[in-house]
Amino acid sequence: MRAGPVRFGIVVFPGSNCEYDACHVLSTFPEAEPYYLWHKDPDLRGADCIILPGGFSYGDYLRTGAIARFSPIMQEVTAFAAGGGLVLGICNGFQTLTEAHLLHGALRRNRGLRFICHPQYLRVERTDTPFTSRLRVGQVIQIPVNHNEGNWTAGADRLQEIEEQGLVAFRYCDAEGNVTEAANPNGATDNVAGILNEGNNILGMMPHPERVCEDLTGGTDGRAVFQSMIDRVLEG
Amino acid sequence: MYRVSVYVTPKAGVVDPQGAVVERALPALGHSGVHNIRVGRYITLEVEGDDAGKVSADVDDMCRRLLANPIIEDYRFDVLPVGTAAGEGT
Chain A
217 MRAGPVRFGI
227 VVFPGSNCEY
237 DACHVLSTFP
247 EAEPYYLWHK
257 DPDLRGADCI
267 ILPGGFSYGD
277 YLRTGAIARF
287 SPIMQEVTAF
297 AAGGGLVLGI
307 CNGFQTLTEA
317 HLLHGALRRN
327 RGLRFICHPQ
337 YLRVERTDTP
347 FTSRLRVGQV
357 IQIPVNHNEG
367 NWTAGADRLQ
377 EIEEQGLVAF
387 RYCDAEGNVT
397 EAANPNGATD
407 NVAGILNEGN
417 NILGMMPHPE
427 RVCEDLTGGT
437 DGRAVFQSMI
447 DRVLEG
Chain B
96 MYRVSVYVTP
106 KAGVVDPQGA
116 VVERALPALG
126 HSGVHNIRVG
136 RYITLEVEGD
146 DAGKVSADVD
156 DMCRRLLANP
166 IIEDYRFDVL
176 PVGTAAGEGT
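These protein sequence lines map, in sequence, to chains A and B. For the working numbering, add 216 to where a residue sits in the first sequence, where the first one is 1. For the working numbering, add 95 to where a residue sits in the second sequence, where the first one is 1.
Worth double-checking, as some hints may not be accurate.
Claimed, not checked - Lysine to any residue pairs mimicking SDA-like chemistry, simulated, CA-CA at most 20 Å apart:
1. B:LYS106 / B:ARG136
2. A:LYS256 / A:ILE283
3. B:LYS106 / A:GLN376
4. B:LYS106 / A:LEU329
5. B:LYS106 / B:ARG133
6. B:LYS106 / A:ASP259
7. B:LYS106 / B:MET157
8. B:LYS106 / A:ASN233
9. B:LYS149 / B:LYS106
10. B:LYS106 / A:GLY328
11. B:LYS106 / B:ASP146
12. A:LYS256 / A:SER243
13. B:LYS106 / A:ARG327
14. B:LYS106 / B:ASP155
15. B:LYS106 / A:LYS256
16. B:LYS149 / A:LEU278
17. A:LYS256 / A:ASN233
18. B:LYS106 / A:ASP406
Since the hints were made in silico from the structure, they are not lab data.
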């Protein structure tokens, strides 16, 4: 067990807009020490975990996350992840991680071209990861979605490989945990809501766990994600 | 100086949500029998240099790393010297 606070570096790109939510929520965990990193910062200032928050980095120009991916700090984030550091990308952060090829696939416009913003049920697929150890396999949690480009695809021919390796962490489902087309809010392939890299130290997810960490905002299911990360760092 | 036209299109086999919506809208305008609509992106740029081969290699690098997402998109481009009608396709 290691001592000291768990340092969460929250990367702020021009156009990010969920960094305050993430920072506020993490400040409610006694073990966590959240702080902001500007996208031009030359280093991660001793981060134990990195969060790429939601928002509209660089105005979503060209493709979501396509420009943020080339921000100076992403080189540091990539090196940090290569060394096993924990990286959580939420919404626009997920999009940026796929553009950076740190996670498989790509996020397209939602089916029907509708911006979606509502509470969403998710089925937990993996619990042997640093992000989900506080959850149970098959557990249904409710975390809101809020995006226009959440329609995940594996690309031309990678889907089978991704599924075989069990990289899917969360799938969109109904209240009973059924993964159905009707419960798929954006057209994502195989109802994928969140995926891991092969090393299980990078998670990208379209739903916003930071928005359901206090009763005031309608639920606390998101806390399990951050608490799992804290547990992992403290356990070493 | 070269003028470059880049065409970015959804890869075959990748669902194109924009194309699907446009395809559903056209019958309402009286255009039936329209299929396989794919919506892409057309990008123009001017590139300094006097070696079309080098410009092509540079633009290919730009496409691969930024202008297109090779996981879901294909790209092709034309390189034309500014001020002439001759060009080089790739």
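We went through each hint and held it up to the structure:
no. : hint                : verdict
1   : B:LYS106 / B:ARG136 : holds, 12 Å
2   : A:LYS256 / A:ILE283 : holds, 13 Å
3   : B:LYS106 / A:GLN376 : holds, 18 Å
4   : B:LYS106 / A:LEU329 : holds, 19 Å
5   : B:LYS106 / B:ARG133 : holds, 9 Å
6   : B:LYS106 / A:ASP259 : violated, 37 Å
7   : B:LYS106 / B:MET157 : holds, 18 Å
8   : B:LYS106 / A:ASN233 : violated, 31 Å
9   : B:LYS149 / B:LYS106 : violated, 26 Å
10  : B:LYS106 / A:GLY328 : holds, 19 Å
11  : B:LYS106 / B:ASP146 : violated, 30 Å
12  : A:LYS256 / A:SER243 : violated, 24 Å
13  : B:LYS106 / A:ARG327 : holds, 17 Å
14  : B:LYS106 / B:ASP155 : holds, 17 Å
15  : B:LYS106 / A:LYS256 : violated, 33 Å
16  : B:LYS149 / A:LEU278 : violated, 24 Å
17  : A:LYS256 / A:ASN233 : holds, 17 Å
18  : B:LYS106 / A:ASP406 : holds, 19 Å
Of the hints listed earlier, those the structure fails to meet are numbers 6, 8, 9, 11, 12, 15 and 16, in rising order.
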